[in-house]
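Heads up: the sequence shown is residues 1 to 569, going by my numbering.
By construction, these hints were calculated from the structure, which means they are not laboratory data. Warning: the hint list may mix true and false statements.
As the list claims (entries may be wrong) - Dumping the calculated DSSO-like pairs for lysine-lysine here, alpha-carbon to alpha-carbon at most 27 angstroms:
(1) Lys528 / Lys423
(2) Lys134 / Lys2
(3) Lys135 / Lys104
(4) Lys485 / Lys562
(5) Lys357 / Lys383
(6) Lys2 / Lys357
Said to hold, decoys possible - Okay, the calculated beta carbon distance ranges per label pair:
(7) Asp303 / Arg374: 49 to 59 angstroms
(8) Pro355 / Ile407: 16 to 26 angstroms
(9) Asp303 / His541: 49 to 59 angstroms
(10) Pro405 / Asn142: 23 to 33 angstroms
(11) Asp395 / Ile44: 53 to 63 angstroms
(12) Asn145 / Lys344: 47 to 57 angstroms
(13) Pro432 / Ile472: 29 to 39 angstroms
(14) Lys344 / Gly500: 35 to 45 angstroms
(15) Asn145 / Glu214: 47 to 57 angstroms
(16) Asn497 / Tyr331: 13 to 23 angstroms
(17) Pro559 / Pro88: 52 to 62 angstroms
Here the structure is a predicted model, which means the values were calculated and not measured. All residues carry an ideal CB built from backbone N, CA and C; glycine is no exception.
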Amino acid sequence: MKPLKLSDLNTVLPYLDKANYEGYNSNFVTMMMWNHEYHIEYEIHDHFCIMLHNCKGHRFFAMPFASCEYYKEAVEYMMNYAKENKFPFMIDCAIPSFVEKIKKVCPGQFVYEHTRDLDDYVYDKEKLITLSGKKMQKMRNNYHNFISQYPNYEYRTLNADDDMPMIFNNLLKWESEEHEQSESLTSEAYGIMYLLSTQDQLPIKIGGIFINNELKAFMIGSPLKHETIQIHIEKADKTIRGLYVTLRKEFLEHECANFKYVNREEDMGIENLRISKERMHPCHMVEKTRIFINDAIVTQATDEDTETIKEIWMDRFEDEDEVSTEFYFKYRYKKENTYVVRFKDKIISALQIVPFKVKDYEDSYFILGVSTRREYEGQGFMKLLMNHVLDIYKDKRIYLQAYHPEIYMPFGFKESHRHILYKLDKAKYCLPSNICLSQDISHLYDDYMRYTANFNHYLMRDEDYFNNYLRIRCVAFNDSVLTFKNEYGQQGYMIYNDRGKFVYISEFIYNKEYLDDILKTISVYFYKDIRIETDCMASIHGEKTDMITMMCNQEDNTPLEKRYINEIY
């Protein structure tokens, strides 16, 4: 390895051209601008060039610069180099085309971590010039305000030889007015001065806006692959409305005739910067990914893991909110029932497997909460976790809820329970009924046991479930319970949720003899549309949809319509 220098441009350029990567990190100008921070080293081989970054005690590689048939050869060399030199292997800022190729030629060998904060924002150049369309309304207004306030402004192409002192002095003035001198500002200023001092050796473009012959904004850019111009620097007097919009428009018009796209780099996870860049409506993003050697392992969860597992749960399950999540982790979660995939001191995937009592199969288990961090999706961690748990419980009967049945079929799970979802035809239930609705929930256990007597294969609940647990659960999920009564006594109950345009009855326990009367009563009670999720034997008028609700890893000869399991916890 030897240090990368400006004089190496012609040496490494053929390899940059072969790689033809999208993304600003592969721009030689970018490398030089920030080389005082990253201290890049490189090696040239027959088929590839590799670059190693050394930043604040961390060493990591860029993608190898080569044509794609030599990616594997290059990556294997990089792995060996890291091993021999005793630092952890990592490739930073890998773009999607490279990631997909490496996944194919090195299956299962690496872990891929999408780093959203480092994604490039890429814009349609013409839209930033014309400012046309509804999405550009605000920027268009800012531009019109600027030209009305400063009709005599000038755009000038700048030359570092003549303009460096003016540029630097104004940069310090604009930045110091808003911020104290920071390490990052000092580093950026160093990079700007480097570009200005090497303008004759690097393909950079510089332009500025002048008001009354005074520099008020400047921009520095350089060419990328794929008909794209990269904007390295945008600096302006922030007190002048519309100045940034005008600067971009003029710079792109005057300096970028041969480009279609504008790369404005990443947002670094800075909220205001992200909002600003998203408001400009990029035509696409260049995703960035970190690549590590896959040494992920499966373990049981510990006390220290609970908050992380809770965060993943909240992020991945859209029907959960803070209240329902807190409920689950307070009343149902147990670390000894939880398995996780660990990678570099992170939990990236988790699931729980809990005891599950089903009539005739009391010693069963239920898998739930299967979740993976978004940035690690699609890499087989759920498969790793499932196989590990299924091996531990290989002789046990295991159920899971089938949101996506096709995912679990390769693990040997088959449909075990089915429901029907009805959109109730209220016109069929408009006559009077002798069923009354009540909030008396003291008989729910009896109702449930009477109802499940019609099934051979159902979830077993005890009285404590109805007397204590169910109340708390309904509060957490914003559910309500009403019971059905007539002159002969209790005839069932329903658990329902008002979802705005319709009412969703998620548990419908009924006496078959009085089903029509029950439906007449609830049809009148709810003025909204009604959706009822119920068993396969219910005879209800309305549009119906079959739902696979449960899957199991063991067969059962009981007819599907004679099985009933509803909630998962």
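Any of the earlier hints contradicted here, and which numbers? 2, 3, 6, 7, 10 and 15
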